[in-house]
Amino acid sequence: MPMPMSGIICFVQPGARTIDMVKRVRSSRDLNPKRVDSILDKIGEVTSDAGIALGTGDEVEVGRLMLRNHELLAQLGVSTRELDKAVDLLVKKGALGAKLTGSGGGGAAIALVQPEDQEDMINELSRDFVKVYPFTVRSRE
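Residue numbering for the sequence shown is 926 to 1066, as defined by the numbering used here.
No wet-lab data here; the hints were simulated from the structure. The beta-carbon is built from N, C-alpha and C at its ideal position, and this holds for glycine as well. It is possible that part of the hints are untrue.
Pair ranges (Cβ atoms, derived) [as the list claims (entries may be wrong)]: (1) 954 to 1061: 33 to 39 angstroms; (2) 1062 to 968: 17 to 23 angstroms; (3) 983 to 951: 31 to 37 angstroms.
Each computed DSS-like pair below joins lysine-lysine, with the alpha-carbon atoms no more than 27 angstroms apart [stated by the list, open to error]: (4) 948 to 967; (5) 1010 to 948; (6) 1056 to 1018; (7) 959 to 948; (8) 1017 to 1056; (9) 1010 to 1056; (10) 1010 to 967; (11) 1017 to 967.
Construct the complete structure from the given sequences, taking the supplied hints into account.
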C-alpha cells in the first residue's frame, strides 16, 4: 500500500472565474486548434501517468508530472506570473513538484513535499503567501 503523501496549498492571489478561463482556452483553440489540442492531449497523458504514479506511491514521479502539468497549463494560457513564481519558489524550497490548482488565472498553487519537510516549509512559505495550508493524502485501501 502506498505511503501517505504530504503537500502544501499556497494562496497566491484572487483567482479568475472558471468561465473566463474556459472562454480564454476556447478563444485560443479557435485561433490555433492544432496547438491547443496538442497541449490538451499532453495534459491527458500527464494526468493518466500521474494516476499510475499515485497508485504506486512514486512521489518523485508525481512531483515531476505536477511540474510538467503546470508547464502545459502555462502554455495553454491559464497560469499567471504570480502562479509561475509560486511554483518556482515551492520547488526551490524543496517541493517534489508543484502546479496551479483550479481553473487557473490566479488562486492557488499546490505542492507535493516530503512529510518531514512540511512543517518547516509552511513556516518559511507563510512569509511569502497570504495563506498556506498543509494536507495529507492517504490511500483508500
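Now the hints, each set against the structure:
no.	hint	verdict
1	954 to 1061: 33 to 39 angstroms	37 angstroms, holds
2	1062 to 968: 17 to 23 angstroms	21 angstroms, holds
3	983 to 951: 31 to 37 angstroms	34 angstroms, holds
4	948 to 967	20 angstroms, holds
5	1010 to 948	24 angstroms, holds
6	1056 to 1018	17 angstroms, holds
7	959 to 948	17 angstroms, holds
8	1017 to 1056	19 angstroms, holds
9	1010 to 1056	16 angstroms, holds
10	1010 to 967	23 angstroms, holds
11	1017 to 967	25 angstroms, holds
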